[in-house]
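One line per chain: the protein sequences are A and B, in this order. For the first sequence, our numbering gives the first residue as 1, with consecutive numbering after it. For the second sequence, our numbering gives the first residue as 1, with consecutive numbering after it.
No lab work stands behind these hints, which were simulated from the structure alone. None of the values given here were measured: they were computed from a predicted structure. One or more hints might be untrue.
Each pair of labels, with its calculated beta carbon distance range [unchecked claim]: (1) B:VAL147 <-> A:PRO94: 51 to 57 Å; (2) A:VAL147 <-> B:ARG250: 32 to 38 Å; (3) A:ARG262 <-> B:GLN11: 29 to 35 Å.
Just a few of them, taken from the derived set where beta-carbon distance is under 10 Å, the chain B residues facing chain A [claimed, not checked]: (4) GLN28; (5) HIS255; (6) SER256.
We put the beta carbon where it would ideally sit given N, CA and C, even for glycine.
Protein chains: 2
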Amino acid sequence: MIIVGERLNGQFSDVGKAIQTKDKKVIQDLAFEQLESGADYLDVNVGTAVAAAEKAEAMVWLVETIQEATDAPLAIDTPIDAVMRAGLSAVKNPPMINSTNADPEQLAAYIDLALQYDADLIALTMDKGGVPNDVAKRIELGANIVVAAMEAGLPFEKLYIDLVAIPVGAAQPQAGIVLEALRQMQGVADPSPHFILGLSNISQSTVERSLLNRIFLVMCMTCGLDAAIADPMDTELMDAMITTELLLNRQIYSHSFLAAYRSSK
Amino acid sequence: MIIVGERLNGQFSDVGKAIQTKDKKVIQDLAFEQLESGADYLDVNVGTAVAAAEKAEAMVWLVETIQEATDAPLAIDTPIDAVMRAGLSAVKNPPMINSTNADPEQLAAYIDLALQYDADLIALTMDKGGVPNDVAKRIELGANIVVAAMEAGLPFEKLYIDLVAIPVGAAQPQAGIVLEALRQMQGVADPSPHFILGLSNISQSTVERSLLNRIFLVMCMTCGLDAAIADPMDTELMDAMITTELLLNRQIYSHSFLAAYRSSK
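Construct the complete structure from the given sequences, taking the supplied hints into account.
Next up, the structure:
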């Protein structure tokens with residue numbers, strides 16, 4: 001399971017404040033803690049900590065600050081094209097692009113960008129019409145993403161399709177739609193693209209965030225999810241993830257399978 | 001989700017001792033606690049608390065002791081035909097038979113028994129050859145069970161097919177085989193038979209029993225499980241179950257969805 005650590009995001013008050021005050025220690029400590037907890041990538045998002053005009057500069061500062069402390073791969077997370085390009089230009093190691101939607105023009109441009117930076121690319125199954133309300137449209141957009149990657153020569157192992165989780169309190173049937181779309185997308189290409197989710201979306205505005213996050217993660221993994229943008233410092237989430245990997249027969253059983261998985265990282 | 005409370009089993013030392021000393025309070029307290037925690041049925045199993053010759057009498061004592069305290073439906077749990085018949089003859093309300101295997105002779109006899117007592121019937125997808133090692137054989141036996149029930153006139157809503165969980169430490173690929181068999185059995189008949197598991201089997205001889213039980217429960221529910229023989233007093237297990245029901249859109253979201261589910265029982 002590939003975990004993209006979500007905590008270096010300016011929407012969290014500690015990170016937002018650190019971006020505003022240029023406090024490198026807070027950023028670097030969070031980078032270390034996430035990697036020690038099992039993150040494979042570190043998501044980097046300036047959030048709303050600074051004004052729009054300063055976001056590109058803040059992204060570069062964040063990327064450079066993290067890279068002073070670790071060589072771990074970064075996921076540049078922004079919906080703004082200029083901020084994305086600024087972040088990518090500052091990375092040392094092959095990064096992840098988080099994200100493009102499935103609108104043909106943006107998708108083509110971001111596949112080019114991924115090829116230019118040898119980057120992984122997260123592509124969301126949504127377009128100008130927003131997030132589809134049904135399974136069929138999500139799969140149609142997922143298939144469009146696969147075809148666009150193939151035609152442009154982006155290897156499938158660098159493609160992360162995100163079927164888009166919606167808060168359960170806002171649109172409850174969407175959880176089941178994501179699960180069914182995940183199931184139906186399995187085997188769409190060989191080798192398979194990855195399937196990723198911004199997991200914490202499912203629990204937004206709820207009061208049982210950690211519980212909802214980890215149960216939905218287990219359900220999605222059962223249907224083929226192999227990557228998640230999530231909080232690796234949530235120990236119960238990681239225990240649930242590791243136990244699911246075990247029951248899917250991806251790790252050999254031992255009494256200490258939790259510790260064994262963690263030390264294999 | 002239908003929960004068959006597993007705790008009234010002589011294999012647990014408190015219950016075994018209570019059977020030997022005829023301590024009604026221990027039995028009745030465990031009955032109440034399981035029902036308060038959300039059990040729909042109470043499993044009743046004398047285990048190895050008494051010698052073989054005394055098991056039928058012990059089963060009758062257990063059934064009568066529980067029925068003095070509650071009218072909740074009981075699942076008579078024994079592999080011994082005489083003990084099963086003794087238990088069934090003592091029940092007041094329509095019980096559950098736990099269980100028959102898929103061997104044609106035993107299956108036919110136990111379907112007759114279910115019809116005679118207006119009982120639900122748990123039928124395991126195993127036969128004289130033991131538990132199948134693959135998906136196809138489990139499904140073949142599952143289909144045989146469905147056909148036998150149909151031909152004998154046992155309504156599908158009274159049929160509980162158990163695809164047989166095996167301890168993950170003993171035969172690790174079996175967990176995935178159960179999940180895939182569950183998936184493939186969906187839609188086998190209309191109305192659907194129930195799908196049940198003796199959940200705690202998955203974690204036997206492991207040191208993370210509660211964690212393995214609840215994660216496997218979530219995975220199985222994602223693939224169509226709608227009943228489990230499990231410990232309703234394991235709060236984390238029940239939280240995981242309720243959260244899965246929510247994400248499968250079987251309960252309307254509210255901030256207090258955990259409490260709402262419990263109070264709806």
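VAL147 of chain A paired with ARG250 of chain B, Cβ distance criterion 32 to 38 Å: 36 Å, holds
Distance restraint evaluation - VAL147 of chain B, PRO94 of chain A, Cβ atoms, bounds 51 to 57 Å: 56 Å, holds
Range hint compliance [Cβ, ARG262 of chain A to GLN11 of chain B, 29 to 35 Å]: 33 Å, holds
Hinted contact SER256 of chain B with chain A - closest CB pair below 10 Å: With a closest approach of 8 Å, the SER256 of chain B hint holds.
Interface hint outcome for GLN28 of chain B [beta carbon to chain A under 10 Å]: Given a least distance of 32 Å, the restraint on GLN28 of chain B is violated.
Interface hint for HIS255 of chain B, Cβ within 10 Å of any Cβ on chain A: Holds - the Cβ of HIS255 of chain B comes within 10 Å of chain A, reaching about 5 Å at its closest.
The structure fails to meet hint 4 from the earlier list, while all remaining hints are met.
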